[in-house]
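**Student:** Each chain, letter by letter, is given below.
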Amino acid sequence: MTTTAVAPLARLRERYPAAKLPRILVHLGTAGAALGAERYVEELRAALDDRADAVYEAASDGANWAAPSATVFQGTYARRFDRLDLNGIDEVVACFNGDCGDEANYAGTGGRGLTARLGRNNGTLGDVLAQGAYSALDRALDLTPAQLLDAIEQGGFTGRGGAHFPVASKWRFAAAHGDEPRMLVVNAEEGEPGVFKDRHLLEGDPHRLIEGILLAHHAVGFERAYVYINGQARQGRASFEHALEQAREAGILDGGAWNRSFDLEIHVRSGAGGYVCGEESVILNSIEGERPVPRYKPPFATDRGLFDRPTVINNAETLCAVTTVFESPPPPTKLVSLSGDVPRPGLYEVPVDGATTWAGLLAMAGANPGDTQAILLGGPSGVFVMPDQFEDALEMRVLGAGGTVVLGANADLARVTRELAAYNMRESCGECTPCREGTVRMVQLLESPREHRDEIATLIEVMTEGSLCQLGGMAGRPVQSALEQFPSAFDDVSS
Amino acid sequence: MPRMADETRSFDLEALQAFDLDAMQDGMSGVDALPREREQLLPALQAMHDAVHWLPREAISYVASHIRVPLSEVYATTTAYSELRLDPPVAGQWHVCTGVACELAGAPALLDAAPTATGIDCQFLCALAPVVADEHEQLYGRVAADELRERAG
Numbered sequence: 011m012t013t014t015a016v017a018p019l020a021r022l023r024e025r026y027p028a029a030k031l032p033r034i035l036v037h038l039g040t041a042g043a044a045l046g047a048e049r050y051v052e053e054l055r056a057a058l059d060d061r062a063d064a065v066y067e068a069a070s071d072g073a074n075w076a077a078p079s080a081t082v083f084q085g086t087y088a089r090r091f092d093r094l095d096l097n098g099i100d101e102v103v104a105c106f107n108g109d110c111g112d113e114a115n116y117a118g119t120g121g122r123g124l125t126a127r128l129g130r131n132n133g134t135l136g137d138v139l140a141q142g143a144y145s146a147l148d149r150a151l152d153l154t155p156a157q158l159l160d161a162i163e164q165g166g167f168t169g170r171g172g173a174h175f176p177v178a179s180k181w182r183f184a185a186a187h188g189d190e191p192r193m194l195v196v197n198a199e200e201g202e203p204g205v206f207k208d209r210h211l212l213e214g215d216p217h218r219l220i221e222g223i224l225l226a227h228h229a230v231g232f233e234r235a236y237v238y239i240n241g242q243a244r245q246g247r248a249s250f251e252h253a254l255e256q257a258r259e260a261g262i263l264d265g266g267a268w269n270r271s272f273d274l275e276i277h278v279r280s281g282a283g284g285y286v287c288g289e290e291s292v293i294l295n296s297i298e299g300e301r302p303v304p305r306y307k308p309p310f311a312t313d314r315g316l317f318d319r320p321t322v323i324n325n326a327e328t329l330c331a332v333t334t335v336f337e338s339p340p341p342p343t344k345l346v347s348l349s350g351d352v353p354r355p356g357l358y359e360v361p362v363d364g365a366t367t368w369a370g371l372l373a374m375a376g377a378n379p380g381d382t383q384a385i386l387l388g389g390p391s392g393v394f395v396m397p398d399q400f401e402d403a404l405e406m407r408v409l410g411a412g413g414t415v416v417l418g419a420n421a422d423l424a425r426v427t428r429e430l431a432a433y434n435m436r437e438s439c440g441e442c443t444p445c446r447e448g449t450v451r452m453v454q455l456l457e458s459p460r461e462h463r464d465e466i467a468t469l470i471e472v473m474t475e476g477s478l479c480q481l482g483g484m485a486g487r488p489v490q491s492a493l494e495q496f497p498s499a500f501d502d503v504s505s
Numbered sequence: 006m007p008r009m010a011d012e013t014r015s016f017d018l019e020a021l022q023a024f025d026l027d028a029m030q031d032g033m034s035g036v037d038a039l040p041r042e043r044e045q046l047l048p049a050l051q052a053m054h055d056a057v058h059w060l061p062r063e064a065i066s067y068v069a070s071h072i073r074v075p076l077s078e079v080y081a082t083t084t085a086y087s088e089l090r091l092d093p094p095v096a097g098q099w100h101v102c103t104g105v106a107c108e109l110a111g112a113p114a115l116l117d118a119a120p121t122a123t124g125i126d127c128q129f130l131c132a133l134a135p136v137v138a139d140e141h142e143q144l145y146g147r148v149a150a151d152e153l154r155e156r157a158g
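So the sequence lines, in the order shown, correspond to chains C and B.
Numbered as in my numbering, the first sequence ends at 505 without a single skipped number.
Numbered as in my numbering, the second sequence ends at 158 without a single skipped number.
Worth flagging that the hints you see were computed from the coordinates, not collected in a lab.
No residue lacks a Cβ here, since even glycine has one placed at the ideal position from N, Cα and C.
Treat the hints loosely; a few may be bogus.
To be verified - Each pair of labels, with its calculated beta carbon distance range:
id, chain 1, residue 1, chain 2, residue 2, range
1, C, P155, B, T84, 35 to 45 Å
2, B, E78, C, A56, 40 to 50 Å
3, B, T84, C, G85, 37 to 47 Å
4, B, G158, C, P27, 22 to 32 Å
Stated by the list, open to error - So, partial list: chain C residues that the calculated Cβ filter (under 7 Å) puts toward chain B:
id, residue
5, A44
6, G204
7, G284
8, S349
9, P353
10, G364
11, A365
12, V415
13, A419
14, L423
15, A424
16, V426
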C-alpha cells in the first residue's frame, strides 16, 4: 500500500483528538485578563458542577467589544455570550444544557482566513488540528520548493507588516544564495500604537505561525528562525512557546510526523520596547546583541542580514497569511486593529477585494460614518482618512499594518496630530540627524503650524528623504495629512 | 523620567537597599544559564529585569562581565530600550495609557482623577480603552475615573 498525502496528518489527528462537545470556551487572553474574565471560568465550573471539565480557558476571538465573553459550542453551532460582567452566566449555562434561544449563531469576527481558529480552540494541538492546522504544510510537502514558491506567487501574497512587498520575491532573493546558511526572522514586535493583531494571533492560534514558518522553511531552507515578539506581549510569547513544545512533541517541528527531517532551529526572543524596534534592521541588531538602531541599506537583508547571512524578515501576520495558500482562491484579507469612537472595537479580518470600503469597515464596527470626523490609519507614521474618502475601497498598499483609530465627532484632531508628533520625538532612536533633530523641530513648529507651513513642508521633505529608517521617514506623514485636510483645526492656537 | 542612573546615587546605601538581594541572586542565576555570547545581551538584561524589576548598576555590570561586552556598550544598549528601567519601580504607582484611543476614551479625565498616576505610551489594548497599568504592568481595561481614584488612593 502506498502512503497518501493525508496519512501523516490523519495519524496526528488520531493521536491528538479534539475536545468533546458540548463545551464552553471562556475568552481570556490579554483582553480578557484586563477585564478580570478568569472569574467566569470559576463561576461556570461551579455552575456546571460534575461537568466542570467542559469549561476551558481560551484566547480572544478578536471581538474585544464583547469581552468578557464565553462561547458555547454545541453539536452543529456555537454561540458567544457577550459582556458577562453585565449579563451574568445564566444564559451560558442554559445554552450548554441545550437551550440556546432563537439566535443560535456564532457572533465572532472570524470564520475563515487567519482568524478562523481564534477563540475557537482550547489551546490543545488536537483542537487546532481538527480545525485544519498543518493541512497547508501537509499539502506543501508534496510540492518541490520551486512549486511552493510559484503557489505563493500565484496567491498574490504580500507583506502584511506595512511594506506590502511580494512574499515570493523576497523568499526567492534569499533562496538564490545557493548553499549559504539562511536565516528567517519573524517580526512580531508590533510596536505601532493602535495595532494589536499579532498579539491576537500569537495568543489565539500560535500553531498557524509555526505552520507559516515551516512553509517558508520548505520553500527557502533556513538554518535558524528567530521569532521576535514584543516585550509586553507576555501572554503571546508564553502561548507561542507552549505551541512550539506541543509541535516538538508531536514530531511536527522536526518533520518526524512526515518521516522527514526539517532541520530548523527555532529561537524565541522578546523585544524591550521602542517603536523603532519594529523596523526590520533594528530587529537584526537587537537579536545580535547590538544597540537597537537601524542599519544602512544596501546591503539588503536577503543578501546580508542576520549574522551577515541571507535573511528573510517576514511579519508574523504575513507568515500566518501564507497558510491559506491552498484555499482557492486564497482570500485576500487584512487584519485591521480597530479602536476609537466605535461601538464595537476589536480585531477585524477584512476582505481586501475591491468592494469593501471604509464606510463598510465603520459599519462592521457599528459606527455611523456621519458621526466620524476621520480615521487615523497607521498611527504615528500614518494618515487621516477623511469622510470624502469613506466610499473608497480598502487597498492592501494603503492599509499598512492595519492600525485604525476612529475619530468621532468630539475628537480634537489638532491635539491628536500634536500627540503623534510628540510620540515620534520620544521614540526617535537618535541615530540619524534628520529624525533626531527633525522630530523635535516638528513638535515646536506644530505650536503654530499655519505660520510655518513652508518650514514644515521643507522639514518633512528633509526627514522623508534623509532619515535612516521609516520612523523618521514617515514621521511627517500625519502632519502633512493633517495640514492638507483639516488646516482650520489648528486655528485656535495659530491665531 | 530619568533614563540614566545617577553615578553618585548608585553607591549610596539607600540605593543599594532598593533592590532585593534574593531577586538579584535569581537574576544572576538567570544570566549564568545563558551562553556567554553577544547575541545573549538582551536576553541577559531581560533575565535580570524579570527578577529585579529594574536594572541597578550592579546588575548591568554583571551582565557586561558575563557577556564580555564593555560596560559602556551595555549601558548604551540598555538605555535604548524603553522597557528596561534604570530606576526602581515606585510602589503603588499607576499609569494611564495616553495612546490615541485612550485619549479619546477619557485618559485626561483619569489623570485628573488620580493626580499621582503618570501617563504612558500605548499599551496595545486600544479596543478596551481607556486602559491603566499598575506597578506590576498588569493592565486594566474600560477603567472609570472613580475606579482609578479609589485604587490609586
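**Student:** If a hint holds in the structure, say so; if it does not, say that too.
**Tutor:** To see whether the hints hold, each was checked on the structure:
For the pair P155 of chain C and T84 of chain B, the beta carbons lie near 43 Å from each other, so the given range of 35 to 45 Å is met. For the pair E78 of chain B and A56 of chain C, the beta carbons lie near 55 Å from each other, so the given range of 40 to 50 Å is not met. For T84 of chain B and G85 of chain C, the hinted distance range of 37 to 47 Å is not satisfied, since their beta carbons lie about 57 Å from each other. At about 51 Å, the CB distance of G158 of chain B to P27 of chain C disagrees with the hint of 22 to 32 Å.
The restraint placing A44 of chain C at the interface with chain B holds, with a minimum CB-CB distance near 4 Å, inside the 7 Å limit. For G204 of chain C, the suggested interface contact is upheld, since its CB lies about 6 Å from the closest CB of chain B, less than 7 Å. Interface hint at G284 of chain C: satisfied, since its Cβ lies 5 Å from the closest Cβ of chain B, which is below the 7 Å cut-off. Because the closest C-beta pair between S349 of chain C and chain B is about 4 Å apart, less than 7 Å, the hint holds.
The closest approach between the C-beta of P353 of chain C and any C-beta of chain B is roughly 11 Å, which is over the 7 Å cut-off, so the hint fails. At a threshold of 7 Å, the smallest CB-CB gap from G364 of chain C to chain B is about 27 Å, leaving the interface hint violated. Nearest Cβ of chain B to the Cβ of A365 of chain C: about 25 Å, over the 7 Å cut. The hint is violated. Checking V415 of chain C against chain B by beta carbon gives a least distance of about 5 Å; that is within 7 Å, so the hint holds.
Checking A419 of chain C against chain B by beta carbon gives a least distance of about 11 Å; that is not within 7 Å, so the hint is violated. Checking L423 of chain C against chain B: minimum C-beta separation of about 11 Å lies over 7 Å; hint violated. The criterion of a C-beta within 7 Å of any C-beta in chain B is not met by A424 of chain C, whose closest approach is roughly 13 Å, and the hint is violated. Given the 7 Å rule on beta carbons, the hint for V426 of chain C holds: about 6 Å separates it from the nearest Cβ of chain B.
Violated hints, listed in ascending order, are 2, 3, 4, 9, 10, 11, 13, 14 and 15; each of the other numbered hints is respected by the structure.
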